[in-house]
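With the hints as a guide, bring both chains together as one complex.
Residues per chain, in single letters:
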Amino acid sequence: MIRYALVRGALLIAGLLVSSVLIFLTLRVFPGDVAQLIAGTQASPAEVDALRESLGLNRPLLTQYTDWIGGIFRGDLGTSQLSGASVGAELLLKAQVTVPLGIMALLIAVIIAVPFGILAALLRNRRGGTALSVGAQAMAAVPVVWAGMMLIVVFSVWLGWLPPQGFPRTGWSTPGKAIESLLLPALTIGIVEGAMLMRFVRSATLQAAGQDFVRTAAAKGLTRTRALIQHGIPAVGLSIITVLGLQVAGIIVGSVVIEQLFTLPGIGRMLVADVGTRDLIKVQSELLVLTGFVLIVGFVVDLLHRAIDPRQREAA
Amino acid sequence: MFRRTRRLALISALAATAVILSACSGTPDQAPSSAPSSPDPDATLHVGLVLEPTNLDIRHTSGAALEQILIDNIYEGLVSRTQDNEVEGRLASDYEVSDDGLTYTFTLNDGIVFHDGTPLTSADVVSSYETVRTDKTVQGNAEFAAVTSITAPDATTVKIVLSEPNQNFLFALTGPAGLVFKTGDKTDLKTAENGTGPFTLTRWNTGSSITFARNDDYWGEAAGVAQVEFQYIPDFTAGVNAALAHDVDVLTAVDPNLASQLEDDFTLTKGRTTDKATLAFNNKKAPLDDVRVREALRLAIDHEGLIEAVGAGTTLYGPIPELDPGYEDLSDVISYDPEKAKSLLAEAGQEDLELTLTIPSFYGTTVPKVLISDFKKVGVTLDVNSVEFPTWLEDVYTNHDYDLSFVLHVEPRDFGNFANPDYYFGYDNAKVQDLYAKALEEVDPDKSAELLAQAARIVSEDHAADWLYNGETITAVSPIVSGFPEDSINSRINLADVTVSAEK
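So the protein sequences, as listed, match chains D and S. My numbering numbers the first residue of the first sequence as 1 and each following residue consecutively. My numbering numbers the first residue of the second sequence as 1 and each following residue consecutively.
Be a bit skeptical, because a hint or two may be false.
To be verified - Chain D is faced by these chain S residues, among others (derived, beta-carbon under 10 Å):
(1) Ser208
(2) Glu229
(3) Thr391
(4) Asn417
Claimed, not checked - Computed list of lysine to aspartate or glutamate pairs in EDC-like fashion (alpha-carbon distance at most 16 Å, straight line):
(5) S:Lys285 / S:Asp428
(6) S:Lys342 / S:Asp395
(7) S:Lys136 / D:Asp302
(8) S:Lys284 / S:Asp401
(9) S:Lys438 / S:Asp100
(10) S:Lys136 / D:Asp49
(11) S:Lys285 / S:Asp422
(12) D:Lys177 / S:Asp100
(13) S:Lys285 / S:Asp116
Since the hints were made in silico from the structure, they are not lab data. Note that the coordinates shown come from a computational prediction; the quantities given were computed from them, not determined experimentally. The beta carbon of each residue, even a glycine, is placed where N, CA and C say it ideally should be.
Chain S with its partners taken away, still in its complex shape (with noise of 0.2 Å):
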């Protein structure tokens, strides 16, 4: 209840943005000029983390918090994602697909081993997936909607036919849905793992950590640090004040307007992400149904005094982000012109209009402060409502019963709900759902990034939401650290490259 979290990594189901160093992306050892001794080999990396796991189970929970640490450190599969977004083979050292977009065949690698010892077969992949494909209470399960079978050839190939061509299912399976679980595994996955990673999990302290150890029998190459230790620290300040204590050597999510504090110590990078910080419009309900009164919403708001405000991020004026195929600068749609939206909400008749936003609590109250002063000066009335989380999902989610709201949606490639009219946008258009359609369908993946784009300009032009902007992440990382990634870093960390230099 006392929680100042701004950032919301909460929400992620899928998978998360790209990026990140893949132990196999062939990422030349670039030390920075400042380390000042060769790496330690035996030394214990401490990384300070804002948002907890609520459980370990990443087949059934939701959350970036777990996607963060677990995926490609604990547990991996068949293919991952490199730094440019780009799939790339991971458990399989090649795959191929069908001209037709209908046939996966994966090839393993050789030597793969669970942390128990057992060796991972194809069998194990055709288990782990089949369990996607019919438990719907498994996490990927509707992107398993268009496979028909998963076999095994022989011990090292996968093959997966499709009905019909889907332009995003090689990207699922970068996520959870992708990941390789032993068939008939009885592991507790919420506390406990039997992964394939470089690390395997040796605490969990509730509540306040997280501690990885390196897997020596890792199949690939072996991880740079002894130990890895994830400290919870839900507040910023207290971040802060841990890393300046050293007690972290990289703080993630570092609060914009403390940052300034650690540059002496650290070095500050700025990652982008596919955080898209949504004012969502309830498309259904009046006066939002009102294209007039939607555009006026947008005019009135001065998106980059927002971004001042909150202290870090990119503008964005369209559904899909820099990192994510189908994007294009979508400036031109709109801008901010206060005058125009008076005269905009003159013409539809809703010259003093009262609006309320749902908002979960934890995003803070810059952002709904913003839009209160914004709206303000066009006559339109913004209560606030900040609520809790699950509130948020019960009222807004599900029951679309809200007229404006505010949420950080983080997952990759989710143009898809604003194709979906039953989503809470509740934005419905048969054009854009017929070019997302036949975006999935599309096989040439440049193709199909042209059409998610020109769905993406008709959304931004019906104003079926604002996006007040694309979120950045400001990571402080300690001078003996170096490899830790930058971008997309609150839905995945991957430490397989990362190095501690002895300390001075």
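Isolated chain D, as found in the complex (with noise of 0.2 Å):
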């Protein structure tokens, strides 16, 4: 188990090194730069040559990267080249929207997936089943910018329940505020990760269905619902652990979308600004972060799936 989480590690790691030259070399790609845009329309070549020169634009690309990538290993993430904030606390203080934002979209999506999935599964022939089945089909083929779209004419526009957009200057000061506002953007993300996980759920308990000790389980006088709920569910909980895991990432891809379509000032909104002021330095930890964490929650529920189930340690 040590000797596993170990290897696993070292890949996580040599992951992240890998993205972070992608990163790195892929936003070098894009067209203009910060000193253009510190400069302004009125500036000369000149004027803004030297810009670049104050700003270390002109240093060897090598340089660039193991100035940057150097900060990372003693854990400065830097500062913006823009507004001379450090990148660390910028991100911290976004994270008060966008994490508990996440936490909530998730939570959603588990409480629309798990119940109805495993109800589809079990009506799977019948009418309801299907029902389920189709909606949750469309459900996930839904963009989320057009869900929350929807959302905001339903919940705002017509019932006026819940604020269309912003997020309380007075932030976490008061709560009952910033949950509100926060509200329906975690739905939209929820509704459409749970979508995708409800079809997830539904199949898992099809397979968990078929599984001899659940056809043991019904011989011994359960019925086939109740022995698919005691013994084949727990069966399968693990796999939609793993699952549950791979979606968080589609959870940061979906703040990035909703933050724009709600004005929450999150990290999604954040990164969106950075990139079109080309404050490269800042954009780079970002995606960095973002990339760590979605590579770390793989990392820890690989190592929870072995640790909590017996058939992979013997595996191995």
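Encoded structure:
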């Protein structure tokens, strides 16, 4: 187990290094740079170049990369070339919106997916089950932006229950307002992610229903449904955790889009704004943190899975 | 990526237009008849703005978003501008220009202190201006090119000597280049300040708001409100909603198509600007190097119809707007005449012309849509290439790789771009360059304006570009607020004279 964790950990670090190179190089392909943006439309090429020099944009790419990655190893995510603010501090600040949003979205996804997924499996040959499956298929195909706009129309414009956009300026010192403003965005991501998860829960449940031990339990006198719930579902529960881990990535992507739609001051919105201003040190650190987060979640899920599931340990 | 911002304030590099009640302009306190009660000195003014500054370092960063809130409120220069775009003293109680236009002598006001308590002396002015003169990364460096010496004969006098007269020099001092900073100050200007103005910076909550507090130790007359909170609301609909919910007392840059929603609760003002909605033609690239093609394109545009679609603005048929010296009504140069446009294109052998318009995405789709349909009527196919602003800067501004481009040029007195063949317009006319140089050298402002007007007429007659409209900004002001400036507030909002009366 420890050996497995070490190997898996080494892979994680290698994955992060490769991502850092990819992120760094991809961003350098963008046209335009921060010096031009700072200088504006009245500056001469000489002035722009002086600015570029003072910002260190004229240094060789390798130097720029090692400077950045060296800082990361020391726990320093760098400073914004535009605002001079520490990227780490900015990320922590924006995380106060994005992390609660992600947790709420994940909870909503699970609340939708697990009961409905099992129900869809139990009712699989009846009309209700088919309707549930078709519904899930349709919701999973819906773009997050569209779902968000529909929810705004219903809950904000028609019913007037929830704010259509924004986050309270008072932040988490007014928790009620803060949660209220995150509810609709979280619901938007949660529904779309939940629909995808539901399809998985359904097929996992069906798979469990076909297992020998479920049939044996049924043969011992349990009803098929009870046999499935008591013995089948716990056996597939683990794979659902794995899928949940994968969905963290989906939720992060969803939050980038949703924070735009709802003008929430979170990490996603900051990222889009920073790309727009070519504040590359900030963008690359933000992307690396997000990538790292997804990779670490995968790592933890893998370890958990192995620790809990005896079959996997034996196979190793 | 989802920004719907139609206006661009981002672009201003230099100072902005005029206007505005300067602290010392002596504008009488004209309380509107609807003002309910007396001003509340403890009030907080909430102002809704569109574009947030990327940082607060006004020395190094271009952008109207900084000048809009920082100049005159936080930082001050020797001189400032009045509502009529006239230069007037600010830190300087008095200034004199020698007859040959080469020597400027400023006398400082008494008792000026920086926000950290240090008194300001002429040595601070000298060190600030020396930095502008010698450091290429500082805003305004180019305007200081002709400065040969900056000296302080005594603690309250500053003398600046130029190598040649420059009609724009004093005006340049009203922008970022003229601001005075403490000698050897260690303040991190990106996030903090140590100015001399009537307000101090309290807090910048990035992504949402900036708060100023009244400077009780201000050397001049203290500001009328205790606090100002600028709220940045990039989405126009959200801005209107915030105003309707009374989250803001003043909303700037109201979308013309949404303004009617605010009519009941707010006073709507239309402010003049020096924003020139510029349809640039790449003068060096075929077929736009042919004046007949450029004229045809201008004849094809229904300017009145376009302004109606945009919702605000006035027609402008030349490079100089009404608020700048050298303005002249040039509507006789061009008219809406698609038939003539077609025959000109035929004459130039360009009946089946296909052109690309490069436009930063935040300007939205209204202008491109109108242009596509207007050009289609004369047989010109227009492809629209909507790009991020940094891409526009790279492709169009730096590499001159474009056919047509649309940008709102907000800087005042930027006619010089048409006298600079290396600017992205690529317009090269020796006569214009000569007239512009003479206008700068001319010591008499009226004669200088006349030379500019001549040059501007040539530029328009050469159809070096088309000026789709001169921007107007709509501001919604709550009845409890008085003294809020009207004109050019996308480049400068002087808050010293603004008051808020106690809530009803």
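Going down the list of hints, with the structure as the test:
1. About 6 Å separates the beta-carbon of Ser208 (chain S) from the nearest beta-carbon of chain D, less than 10 Å, and the hint is met.
2. A least Cβ separation of about 9 Å between Glu229 (chain S) and chain D falls short of the 10 Å threshold, and the interface hint therefore holds.
3. Evaluation of the Thr391 (chain S) hint against chain D yields a held restraint, the C-beta minimum of about 5 Å falling below 10 Å.
4. Look at Asn417 (chain S): its Cβ gets to within about 8 Å of chain D, closer than 10 Å, so that hint holds up.
5. Restraint check for Lys285 (chain S) and Asp428 (chain S): satisfied, since their Cα atoms lie roughly 12 Å apart, inside the 16 Å limit.
6. A hinted pair counts as satisfied when its Cα atoms are at most 16 Å apart, and Lys342 (chain S) with Asp395 (chain S) does not qualify at roughly 30 Å.
7. Taking the CA atoms of Lys136 (chain S) and Asp302 (chain D), the gap is about 55 Å. The hint is violated against a cut of 16 Å.
8. For the proposed pair Lys284 (chain S) and Asp401 (chain S), the alpha carbon gap of about 10 Å is at most 16 Å, so the pair holds.
9. Among the hinted pairs, Lys438 (chain S) with Asp100 (chain S) is consistent with the structure: their alpha-carbon atoms are about 14 Å apart, no more than 16 Å.
10. About 9 Å separates the Cα atoms of Lys136 (chain S) and Asp49 (chain D), which keeps this hinted pair within 16 Å; it holds.
11. A C-alpha spacing of about 13 Å is found between Lys285 (chain S) and Asp422 (chain S), which places the hinted pair at or below 16 Å, so the restraint holds.
12. A threshold of 16 Å between alpha carbons decides the hint, and for Lys177 (chain D) with Asp100 (chain S) the separation of about 65 Å lies outside it, so the pair is violated.
13. The suggested pairing of Lys285 (chain S) with Asp116 (chain S) is violated, with an alpha-carbon distance near 54 Å, which exceeds 16 Å.
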